[in-house]
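**Q** Listed here are the chains, written in short residue letters.
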Amino acid sequence: MQEIKREVLVNKASELLKNGTVDRVFGWKKGEFDYDITPALFTTAEDIENEFVWGDFCGANFSKYLIKETGKSENKVLVFLKPCDTYSFNQLLTEHRFDREKVYAVGVPCNGMLDTGKIKSSAEGISKVTDNGDKVVIETLFDGEITLDRNELLPDRCLNCKSKKHVAYDELLGEDGAVLDSNRFDEVEKLEKMTPDERFAFWQNELSRCIRCNACRDVCPACTCEKCVFDNPNSGVENKAATNEFEEKMFHIIRAFHVAGRCTDCGECSRVCPQHIPLHLLNRKFIKDIDSFYGEYQAGAEVGSRAPIVNYTTEDIEPGDAVRRNENA
Amino acid sequence: MRKISLKKIDSLFSAIAENSVLYMPVDTKTGAKFEQWENGKELSDSLNTVRSAKDFFFPQTENLMDFKVEGKKIEVIDSRSETEDFVVFGVRACDVKSFDVLDKVFLAEPQDSYYKNRREHGVIMSLACTKPNETCFCTTFRIDAAEPAGDVVCYKTDDAFYMDAKTEKGKKLLSALEGITEAADDTAVTEQQKLTRERMSKLPLASLKADAFGNGKTKEFFDRPEWKELSESCLGCGTCTFVCPTCQCYDIKDFNTGHGVKRFRCWDSCMYSDFTKMSAGQPRLTQLERFRQRFMHKLVYFPTNNDGMFSCVGCGRCLAKCPIQMNIVKVMKKLGGNSNG
Amino acid sequence: MADIKEPLIPKIGVVTDIRIDTPDVKTFRVVTPDGKKAFDHKPGQCAMLSIPGVGEAMFSITSSPTNTEFMEFSIKKCGCVTEWLHSMEVGQEITIRGPYGRPFPVDTEFAGHDMLFVAGGIGLAPLRSVINYCRHYRDRYGKIDIVYGSRSMQDLVDYKEIIDEWATDAGVEVHLTIDREQPEWDGHVGFVPNYVKELGFSTDKIAVLCGPPIMIKFTLAGLQELGFDKTQVYTTMELRMKCGIGKCGRCNIGAKYVCKDGPVFRFDEIDELPDEY
Amino acid sequence: MQVNEYKPLIVAFCCNWCSYAGADLAGNNRLNYPADVKIIRVPCSCRVNPMFILRAFQRGADGVILCGCHPGDCHYTSGNYYTRRRMALLFSMLDYLGIEKERTRVEWVSAAEGAKFAETMNDFAKTVAALGENKRLEDLRCKK
Amino acid sequence: MQRIGVFVCHCGTNIAGTVDVKAVAEALKTEPGVVFSTDYQYMCSQAGQDIIKKAIAEYNLTGIVVCSCSPRMHEATFRKTAAAAGLNPYMVEIANIREQCSWVHKEVPIGTEKAIILAKAAVAKVNLNAPLTPGESPVTKRALVIGGGIAGIQTALDIADAGFPVDIVETKPTIGGKMAQLDKTFPTLDCAACILTPKMVDVAQNDKIRVFSYSEVTEVGGFVGNFEVTIKRRARYVKEDICTGCGLCTEKCPQKKVPNEFNLGMDNRSAIYIPFAQAVPKVATIDPNHCMKLKTGKCGVCSKVCTAGAIDYEAKDEFVKEKYGAIVVATGFNPISMEKFDEFAYSQSKDVITSLELERLMNAAGPTGGTLLRPSDHEHPHTIVFVQCVGSRCEACAEKGKEYCSKICCMYTAKHAMLIRDKYPDTEVYVFYIDVRTPGKNFDEFYRRAVEEYGVHYIKGMVGKVSPEGNKLKVQGSDLIYGRQLHIDADLVVLAAAIEPDKSARPLATMLTASMDTNDFFTEAHPKLRPVESPTAGVFLSGTCQGPKDIPETVSQAGAAASKVIGLLCKDKLTGNPCVAHSDEMMCNGCSTCEKVCPYGAISYVDKEFRMPDRTTKVRRVAVVNEAVCQGCGACTVACMSGAMDLKGFMNKQIMAEVDAICK
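Chains as they are written, first to last, in this note's numbering: chain A, 1 to 329; chain B, 1 to 341; chain C, 1 to 277; chain D, 1 to 144; chain E, 1 to 664.
Calculated directly from the structure, the hints in this document are not laboratory data. Some hints could be false.
As the list claims (entries may be wrong) - Distance condition first, Cα-Cα at most 35 Å in a straight line; then the derived DSBU-like pairs of lysine-lysine:
| no. | chain 1 | residue 1 | chain 2 | residue 2 |
| --- | --- | --- | --- | --- |
| 1 | B | 41 | B | 217 |
| 2 | B | 334 | A | 76 |
| 3 | E | 596 | B | 72 |
| 4 | E | 22 | D | 116 |
| 5 | B | 72 | C | 230 |
| 6 | A | 72 | E | 199 |
| 7 | A | 72 | E | 596 |
| 8 | E | 528 | E | 208 |
| 9 | B | 41 | A | 118 |
| 10 | A | 227 | B | 72 |
| 11 | B | 277 | C | 77 |
| 12 | E | 208 | A | 288 |
| 13 | B | 68 | E | 664 |
| 14 | B | 330 | A | 72 |
| 15 | B | 73 | E | 648 |
| 16 | B | 72 | E | 653 |
To be verified - Label-pair distances were calculated between CB atoms; the ranges are:
| no. | chain 1 | residue 1 | chain 2 | residue 2 | range |
| --- | --- | --- | --- | --- | --- |
| 17 | E | 617 | A | 134 | 22 to 30 Å |
| 18 | E | 617 | C | 271 | 29 to 37 Å |
| 19 | E | 617 | B | 216 | 34 to 42 Å |
| 20 | B | 333 | A | 44 | 48 to 56 Å |
| 21 | A | 30 | B | 77 | 53 to 61 Å |
Backbone N, C-alpha and C define an ideal beta-carbon position, used for all residues, glycine too.
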């Protein structure tokens, strides 16, 4: 359950629309079911009243939409940002990807979003999902209802939430939280402890499912290139379909490399992957390595920070030692 | 109609696998997926595989031909290898219907021989649904989940498998299995169908109708203002296209291997910004136009060209997989009026 | 496996002649390695040319079907395939497949009529085939008027053929125009649509237009002003094509596929299509 | 030397100012190293894009080595420092994906270190030969 | 498609001995783009070059590949050959089949096979080469020297001497810098003022040199040959061109209690002041922090006494914009603050002083008129303790001091000790040191004289504590050689404070996009080969801004920097390296990542309006590479995610084509 009520958001949006601060509102729109909530742009208080939702399935991060939307009008757009969204927001500002002046950012606290995939794998024919705080009741069409611990239904990114603190906003609804110590590197470490053969088998299996739908890339707030190298026939590495195992790896390695130092670990890539490939484990490996090689760095924690990959010291670890360090980890 | 006890199901599979490669949906941690059957693999009870069954006839990538280039000389090499006979088991009614849609495209003159070849070598053993999902809406397109099409239609009850051959190919296959199957009447099957249909009628999307769309409705829907709102948050990824059993757009690309050129085709998506881009211009500049294309194609253009047949089969995959949860049902409800929902 | 007929598998074509038409247009003559014409076609149809490793692209066949020895393609340099084609030398092999698309109804709707061809720039390329077809079967058609314009004299495609052959034919009248004055030019100066209006054609003709969209738009309007009905006016269209056989899914305008249902359209047919081209 | 030892294909990216000159010096001093090593000249080791490395493996390379000026000696002052960070991260990622870490290497070779260049190449070629054919980053289409 | 000629050189038997050159030429004939392929004994010979020229003409070649020795040997030769034949010189690629093939392999089949592959890689690259033309930019024939110490003065004089106008920007009211504060110089013991002030006069009198004293650089734009610099001339409230420097105002000024920074606060000056007698420019300056007129509006004495009418209380800061072809940084050093070194009681006792303060105490123009007197009681000190390496070589105490050696302290301490013993033989002088470093002409001799002739007590060891007790300073130190603790009752303790770059250097480096090390010393373009150039083209380094130096070293580096500047200003046009980065604005995200890794500050961003296909316009931030500044390292190309940034001559596609050819 989200601690802050829908009405608070709706009232805030209506108020800002009414007083002319903004003329558009990014928010979540209700769908056919409890869980299929669409990110949407609202322009009237009436639509907001009728269709705006706030709850356990409002995972979508609006930061990336701001690139396009701020270019469309001179007026401000209202965006609701969960703590993890604010990191993407800052990272995009660092990269000059949108005009801060054209955005009114309202921070909303987040208690973790539910993972639709986990819900669907625990029940079929879902007709209703009710969050009672610690427990979630899933009603089904033909199998009655089941009750599960809310924690069981949280996606990895929320189980390992890195921060309940908003690092950017014009206004904050509710209480701000703190940056958290998470166990987000546990899974990376588990992989590091495997033998190379096991790791290879693991990734081969995971990446072989990739259908190159580009959802990971297109949702990623760090992947904002005007033209992605993989789409560009002139780049020399254009690659539309994962024709074979090599191209599967190539795409994901290079994508992870391109967002290294810029990835805020928002977890959207893994959320949207139709094949449930744990893509965040690639990004987290880079984050973990950056932290351990060059000192802790959180992309998006502050606007204008210089990512370690575009920085150096004269005493940096040698690539050979970096790899050997994995071995001894 | 033939039947075999559920306990002996493996003997059925091994009998089929003796003569053809047998594929069927199996469960994995990340959803059901078609895999080649081998001893020990169990048929999944899931409704939808993550990827649809279209892969069997229209794979995501396939090599079309090779070229050898030397100086100014070019040699074209037809590098196709012999296709093996195969059986796809457990295809649901919606996916079976998708083959009809694909046939309309690939088997229209001039026929696509790559597709045709696979189609000829493949036998479809469909499987009737018993417990539909909340995202199912095949009834909207007049598909009966309780009685799918296919070469052989199968029904799984609590204790047995029932099989009914519908085509020559199917009859041939079933007759080869007569040794291990027994004749059966359709009582159990009819019973099951009744239950299934009753369940279908209770689905949240049961009342969704496609009647507003179809043949000749281009002008009516093309300029509708709702497209803007619907397409607003579309990311332009290809998820819906690639999980869709009927999406069939493709691209043809060349790959220079260093000692030759491979011309291959791969799935493409009309949602991609460069889909219709050419050096001289781009007819579909905005995501709105691309988004509209996909749904107009499924609901209007395709029916216009194919006697009213929609190119959506209501499998619900896009409902489950779209990163932003936009899908054809929302489009139909928005454009077709709320009476549809 | 050679017996399987596969529309996507091309033939080999040899480039036997390259003619420089304008600074950015070249005309390529293509035959099969044994010196024959690769396939028969009808006026207005297209073929898919490719260089392995570079890509495939659709071009209208510029030569007339009545030419039984070879095919010609007039190609403007504008993308990576065309750039490669422009850098070729004689003797280069390319691949070719086709013919694709619905041709001009030269033997039905056009038969017995006076013809008016209006082209701008490289737009003459698709019309050259039908013009030469009509010239070849001269007795099947009435008077032929050709209005052709380009940016400059140097940008007039097939200038030599127009002057030496078309303009000297009986019953064929060629009206050339260029956009801006040039010292060595003593002909008409002005844009094609205006010139068409100035010339003021009678409405008992069938008109065929090809050129940049803006030219098409204003010429059509001009013809309508002159009293032409849309059912009398044809054009040929171009969109992104990959397969050429109506399957790859990208060249549609509404329910029509340019590669299969076009590229030739009559304007009343185009009216039925959504505005997305 | 064994007769049937696997002959690996090795791509060496060398910076123009130090390592390429070091390789030249190895030549001047007639220091042997396997012909399997093929050098590509780049202005600075920081010009080497991870995509080039993957590309080499795709096309059939069994090992890829980057050579640049010693840290602190970069002709462009800081290029090799960026190389060092990029490659540390990339190699660690490749290792994480289970790709043999011995197939990639960064070595700092100055223009005076002809001997080091030859030794490095001999050693690297031996290491890669021992691993055998690159299977984990291969693209079957590019195989003969 | 290119028309490529391949030329395989035998190099006598150097190549042909291990490579079947004919086979190489033959194998290359069928490569894409190759229309001609041949071999020859010596391609670099006149006859060989003629073959190339002839083939270019005959086969209408658009690119050539020469398979020969290292490009480091003859790339330039063959580029010239190509240019002579009318081919763009950058359409030439060399396949190195000598140093990297025939000389390192022994067997002909192996050498031949590799040579063919290397040649094919070169052909693959040439196929993607494009003609390149080096950019040209004009050179503004004027230099800017930032800092007016001995380094800046020497540089300016040398540049002016070559006939180029030079401006010096100095933050202080006068030029002269630290050297003007020194008494004598080691190892010759000649008087600093005697050698410096004539040079200062030279500067003042040189019509090629303008001095912007009491000024600072606030903005730097442009690039090598074309810098545009904004200089802030702080209001000195005295008209420089009218003031005669008579000094009457300074005498009459009622506010005389201002600490005199020239004497390091050891005496006072008036609110209107001339720093010292030989100041250049010799004009008065009003200190606005202490002037009664400026602070309260009441006074105006100076204005009244100034017969020239030079006083202007209404003066404002002025900004001068000037164009320069080259910039020399000579921002110098300062002793570090002693506040953190509490153990030496610097802030507790006036009699604990730094060496620079001692210079003033011994200087005839100093607060004591040249007599060495204790600051506290003006008594003559009888026991003096020198402490070396205060804050230098301070690895363990990095937060207090510096890790590096300040280089000059050993020698000036020897000088001080010697001078004191010479003038006041009754004084005992102790020097605590870690090491005595004397590498320099006559340096060690000088130091030995101090010990041997002048009887200075050198003690290897550190002073642990100085505690003021009465009028004595209790010095507690260790003598490492004798392994004992020493207790000395000193009258004066002199600290050899470490030196650090001036605080203005860091912001200046940012403005200049010149790089610095972690100690804020400017980084040189190459530590050995380009020691007076910064990596940023057109920016040169003079003096201690680059690292600790003594006077002779500073002066020689100043001269070296000047000669580099002269070399640059002599040119009418700068021809760039055409292999520079280029950003494709259609793909550029404007994310600033490339800018962060550029060591030269060659990348900037502009908001550019793009016409969209639907006829609307969109403004986007895109990167622009200044080709005159870019050196072509390619760091930006890898930092760029979208691939918008590419390097001419070493394009992504070219390198990948080489990779492909090699791995084929």
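**Q** Does each hint fit the structure? Answer for all of them.
**A** Consistency of the hints with the structure:
Between residue 41 of chain B and residue 217 of chain B the CA atoms are separated by roughly 47 Å; this puts the pair beyond 35 Å, and the hint is violated. Distance check on the hinted pair: residue 334 of chain B and residue 76 of chain A sit about 28 Å apart at the alpha-carbon level, within 35 Å; holds. With a C-alpha separation of about 46 Å, the suggested pairing of residue 596 of chain E with residue 72 of chain B is violated against the 35 Å cut-off. At most 35 Å may separate the alpha-carbon atoms for a hinted pair to count; residue 22 of chain E and residue 116 of chain D meet this at roughly 33 Å.
Between residue 72 of chain B and residue 230 of chain C the alpha-carbon distance is near 47 Å, which puts this suggested pair outside the 35 Å criterion. Our distance criterion of 35 Å between C-alpha atoms is broken by residue 72 of chain A and residue 199 of chain E, whose separation comes to about 63 Å. With a CA separation close to 29 Å, the supplied pair residue 72 of chain A and residue 596 of chain E stays within the 35 Å bound. Of the supplied pair hints, the one linking residue 528 of chain E and residue 208 of chain E holds, its CA atoms being roughly 32 Å apart against a limit of 35 Å.
Taking the CA atoms of residue 41 of chain B and residue 118 of chain A, the gap is near 24 Å; set against the 35 Å cutoff, the hint holds. A C-alpha spacing of about 34 Å is found between residue 227 of chain A and residue 72 of chain B, which places the hinted pair at or below 35 Å, so the restraint holds. With a C-alpha separation of about 16 Å, the suggested pair residue 277 of chain B and residue 77 of chain C falls inside the 35 Å cut-off, and the hint holds. A distance of roughly 59 Å separates the Cα atoms of residue 208 of chain E and residue 288 of chain A; the hinted pair therefore is violated under the 35 Å criterion.
For the proposed pair residue 68 of chain B and residue 664 of chain E, the alpha carbon gap of about 14 Å is at most 35 Å, so the pair holds. At roughly 26 Å between alpha-carbon atoms, residue 330 of chain B and residue 72 of chain A fall within 35 Å of each other, so this suggested pair holds. Simply put, residue 73 of chain B and residue 648 of chain E have alpha-carbon atoms about 32 Å apart, close enough for the 35 Å limit, and the pair holds. For the given pair, residue 72 of chain B sits about 23 Å from residue 653 of chain E by alpha-carbon distance, which is consistent with the 35 Å threshold.
The hint said 22 to 30 Å for the Cβ distance between residue 617 of chain E and residue 134 of chain A, and at roughly 54 Å that hint is violated. Checked against the hint of 29 to 37 Å, the C-beta distance between residue 617 of chain E and residue 271 of chain C comes to roughly 31 Å, which is consistent with it. The hint said 34 to 42 Å for the Cβ distance between residue 617 of chain E and residue 216 of chain B, and at roughly 39 Å that hint holds. Restraint check, residue 333 of chain B to residue 44 of chain A: a C-beta distance of roughly 20 Å breaks the suggested window 48 to 56 Å.
Residue 30 of chain A and residue 77 of chain B have their C-beta atoms about 55 Å apart, which keeps the hinted 53 to 61 Å range intact.
Checked against the numbered hints given earlier, the structure breaks hints 1, 3, 5, 6, 12, 17, 20 and satisfies all the rest.
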